[in-house]
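Line order of the protein sequences matches chains R and V. The numbering used here numbers the first residue of the first sequence as 83 and each following residue consecutively. The numbering used here numbers the first residue of the second sequence as 2 and each following residue consecutively.
Everything labelled a hint here was simulated from the structure, so no lab data went into it. All C-beta atoms in this analysis are idealised placements derived from N, C-alpha and C, irrespective of residue type, glycine included. One or more of the hints may lead you astray.
So, partial list: chain V residues that the calculated Cβ filter (under 10 Å) puts toward chain R [as the list claims (entries may be wrong)]:
{"#": "1", "residue": "D32"}
{"#": "2", "residue": "W36"}
{"#": "3", "residue": "Q39"}
{"#": "4", "residue": "I49"}
{"#": "5", "residue": "F64"}
{"#": "6", "residue": "S75"}
{"#": "7", "residue": "P77"}
{"#": "8", "residue": "V79"}
{"#": "9", "residue": "D83"}
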Amino acid sequence: EPEVTQTPSHQVTQMGQEVILRCVPISNHLYFYWYRQILGQKVEFLVSFYNNEISEKSEIFDDQFSVERPDGSNFTLKIRSTKLEDSAMYFCASSPSRRDFLGGYTFGSGTRLTVV
Amino acid sequence: LAKTTQPISMDSYEGQEVNITCSHNNIATNDYITWYQQFPSQGPRFIIQGYKTKVTNEVASLFIPADRKSSTLSLPRVSLSDTAVYYCLVLTDKLIFGTGTRLQVFP
């Protein structure tokens, strides 16, 4: 079964540092997403990406965040200057279309980001 | 944006059928209902999706009445490994997760 692959699985970074979280979506999927989940809280939408541009973003996704699909296979989330409150699990997801499909989104297993 | 309401938690025993009902009173005509499962420290996993009536796959069944204001996820003969959080979502242009239903299955 095709998978969404995320690296690294864990990352510890100092406050103020930049981090890049990487994702390899399923190859024939066209829509890509980042979500985050702070420990013990619900899964929160950050951003959706289609056709090499952001389709939609939440209010969490401020100027500190950016996404990129640099080479047609990777999909990255960059946090420019990390804050303690950015500590969370970050999930990448992909889907073949935005709606009207039967297979759902496929989520990766996540990157646990710890900001110290 | 259609809000969903589902029980915070449910308990069951191995071998029983579990039904989790979700209400989505403000669902729009074009929206689908979709259910995901999440284990601790893992990403959500798609279970089933439907528009109306009944959908069944190898894992679960989804019942949606004609007015589409609610839906019921049915898990036949649960096992300990079905202990997880189950999310009911209305699929618009993205998935917006609520707090889900924490299902605990006991031996």
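Tested hints:
| no. | hint | verdict |
| --- | --- | --- |
| 1 | D32 | holds (8 Å) |
| 2 | W36 | holds (9 Å) |
| 3 | Q39 | holds (7 Å) |
| 4 | I49 | holds (8 Å) |
| 5 | F64 | violated (17 Å) |
| 6 | S75 | violated (17 Å) |
| 7 | P77 | violated (20 Å) |
| 8 | V79 | violated (21 Å) |
| 9 | D83 | violated (18 Å) |
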